[in-house]
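Participant: Listed below, chain by chain, are the residues.
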Amino acid sequence: MSDFKKRTYEVIEVSSIGDASSRAYDVLMTTTVIVGMIPLTLKADNKYTFWIEILTTIIFLIDYIARIYTADYKMGYKSVKAYIAYLFTPLAIFDFLSLVPAIYLFTPVSSTIGLFRLFRIFRVLKLVRYSKTMVVIANVLRKVKKQLMAVLILITLYIFVSAMLIFQLEPDLFTNFFDALYWATISITTIGYGDISPTTSVGRFITMISALVGVAVIALPTGIITAAYMAEISRKKSKYEL
Amino acid sequence: MATKKNPNKDVYISDVGVYHSNKSKQTFVFVLLCRILSIVMAILGLAAFVSGNF
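In order, the protein sequences belong to chains F and B. For any residue, its number in the working numbering is found by taking its place in the first sequence, counting from 1, and adding 36. For any residue, its number in the working numbering is found by taking its place in the second sequence, counting from 1, and adding 1.
Hints listed in this document are in silico derivations from the structure and should not be mistaken for laboratory results. Quick caveat: nothing in here was measured; it's all calculated off a predicted structure. Don't take each hint at face value.
Said to hold, decoys possible - DSBU-like cross-link-like pairs, simulated, lysine-lysine; straight-line CA separation at most 35 Å:
| # | chain 1 | residue 1 | chain 2 | residue 2 |
| --- | --- | --- | --- | --- |
| 1 | F | Lys-182 | B | Lys-24 |
| 2 | F | Lys-272 | B | Lys-26 |
| 3 | B | Lys-24 | F | Lys-41 |
| 4 | B | Lys-24 | F | Lys-162 |
| 5 | B | Lys-24 | F | Lys-117 |
| 6 | F | Lys-168 | B | Lys-24 |
Unchecked claim - Sample of chain F residues lacking proximity to chain B, with all beta carbon distances greater than 12 Å (derived):
| # | residue |
| --- | --- |
| 7 | Arg-43 |
| 8 | Arg-59 |
| 9 | Leu-64 |
| 10 | Thr-67 |
| 11 | Tyr-100 |
| 12 | Gly-112 |
| 13 | Phe-130 |
| 14 | Phe-158 |
| 15 | Thr-169 |
| 16 | Val-187 |
| 17 | Thr-221 |
| 18 | Thr-225 |
| 19 | Ser-233 |
| 20 | Tyr-265 |
Backbone N, C-alpha and C fix where the C-beta goes; we use that ideal spot for every residue, glycine too.
All chains, full assembly: derive it from the sequences and hints.
Facilitator: As structure tokens, then:
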């Protein structure tokens, strides 16, 4: 039984060179993830999407059960705690969430159940396992998460302050505070749809400041991620050269 | 000199006797099943996309 469990773990994890079963499984999972996203590109379901949903659910369910079964190998220690701890790892949560869209196959369709179909988007996160590039990007983001959080808090604070200012200065322009937040976000990111635009001089002045500050603030995450990505590539390069 | 043909990887010879393993057959069946499913999924996906968008 231990040999079977070990072999199952080797197959479902990313394939090593020469392991045909694992490679075939990786290809099947990657294909299933990509095909599972296709219903999101359609306005309405058709007979093919019904069968796509059935097959993807079955495949993902088998994968999820196999991963729980081999959780002790994944976590590196043999105990009941390993199985429980695995269930709360990010990838296991994404695996569970990617099964949620199947709920609409068993219940009458309503607007609430329809929302669960959006959970299909979590399936794309399963590709992180099977793509070396995505593993590198995930490692980079993990290393700079504190700096990114700090910048995100700064941006959020600025959006709120801008929204509060313009909401007080031009109350007729907005139905509610959410509209002001929407305006502030579109201005600071320099998208500027133009659906909400200030009419007073003070309002326009706030918009100008928002746009100028936005150029600097929005570029910060890009710089942080680029620097970390270059450092990661250099690290990998020097590791191979040694 | 006699050339050796590819040895049968599924035959294990021990002091107790000869043991025949099914590992190669199991791997072949598993890989075939995965490939068939991958092709079926790809065809279904293409059919769904084309019939839904065109």
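Participant: All hints are to be evaluated individually against the structure, with a verdict given for each.
Facilitator: Hints and how they fare:
Distance hint between Lys-182 (chain F) and Lys-24 (chain B) is unfulfilled; the C-alpha atoms sit about 48 Å from each other, more than 35 Å. Taking the CA atoms of Lys-272 (chain F) and Lys-26 (chain B), the gap is about 39 Å. The hint is violated against a cut of 35 Å. As the CA atoms of Lys-24 (chain B) and Lys-41 (chain F) are separated by approximately 15 Å, the hinted pair is consistent with the 35 Å bound. Taking the CA atoms of Lys-24 (chain B) and Lys-162 (chain F), the gap is near 29 Å; set against the 35 Å cutoff, the hint holds.
With a C-alpha separation of about 32 Å, the suggested pairing of Lys-24 (chain B) with Lys-117 (chain F) holds against the 35 Å cut-off. In summary, the hint linking Lys-168 (chain F) to Lys-24 (chain B) is supported, as the alpha carbons are separated by about 29 Å, within the 35 Å threshold. The beta carbon of Arg-43 (chain F) sits about 9 Å from the closest Cβ of chain B, which is not more than 12 Å, so the claim that it is off the interface is violated. In this structure Arg-59 (chain F) is not separated from chain B by more than 12 Å, as the shortest Cβ-Cβ distance comes to only about 8 Å.
Separation of Leu-64 (chain F) from chain B is inadequate, the least Cβ-Cβ distance of about 4 Å not exceeding the 12 Å criterion. Listed as outside the interface, Thr-67 (chain F) is inconsistent with that label: its C-beta sits roughly 4 Å from the nearest C-beta of chain B, within the 12 Å cut-off. Here Tyr-100 (chain F) stays apart from chain B, with its beta-carbon at least about 17 Å from theirs, past the 12 Å limit. Every Cβ of chain B is farther than 12 Å from the Cβ of Gly-112 (chain F); the closest lies at roughly 26 Å, confirming the non-interface assignment.
Residue-level check passed: Phe-130 (chain F) sits 20 Å from the nearest beta carbon of chain B, beyond 12 Å. Annotated as non-interface, Phe-158 (chain F) keeps its C-beta farther than 12 Å from every C-beta of chain B; the closest such distance is 18 Å. Here Thr-169 (chain F) stays apart from chain B, with its beta-carbon at least about 21 Å from theirs, past the 12 Å limit. Separation of Val-187 (chain F) from chain B is adequate, the least Cβ-Cβ distance of about 38 Å exceeding the 12 Å criterion.
The claim that Thr-221 (chain F) is not at the interface with chain B holds, since no C-beta of that chain comes within 12 Å of its own (minimum 31 Å). Every CB of chain B is more than 12 Å from the CB of Thr-225 (chain F) (nearest about 30 Å), matching its label as outside the interface. At roughly 35 Å, the least C-beta separation between Ser-233 (chain F) and chain B is larger than 12 Å, which holds for a residue marked as non-interface. For Tyr-265 (chain F), the non-interface assignment is confirmed: its Cβ lies about 31 Å from the closest Cβ of chain B, beyond the 12 Å cut-off.
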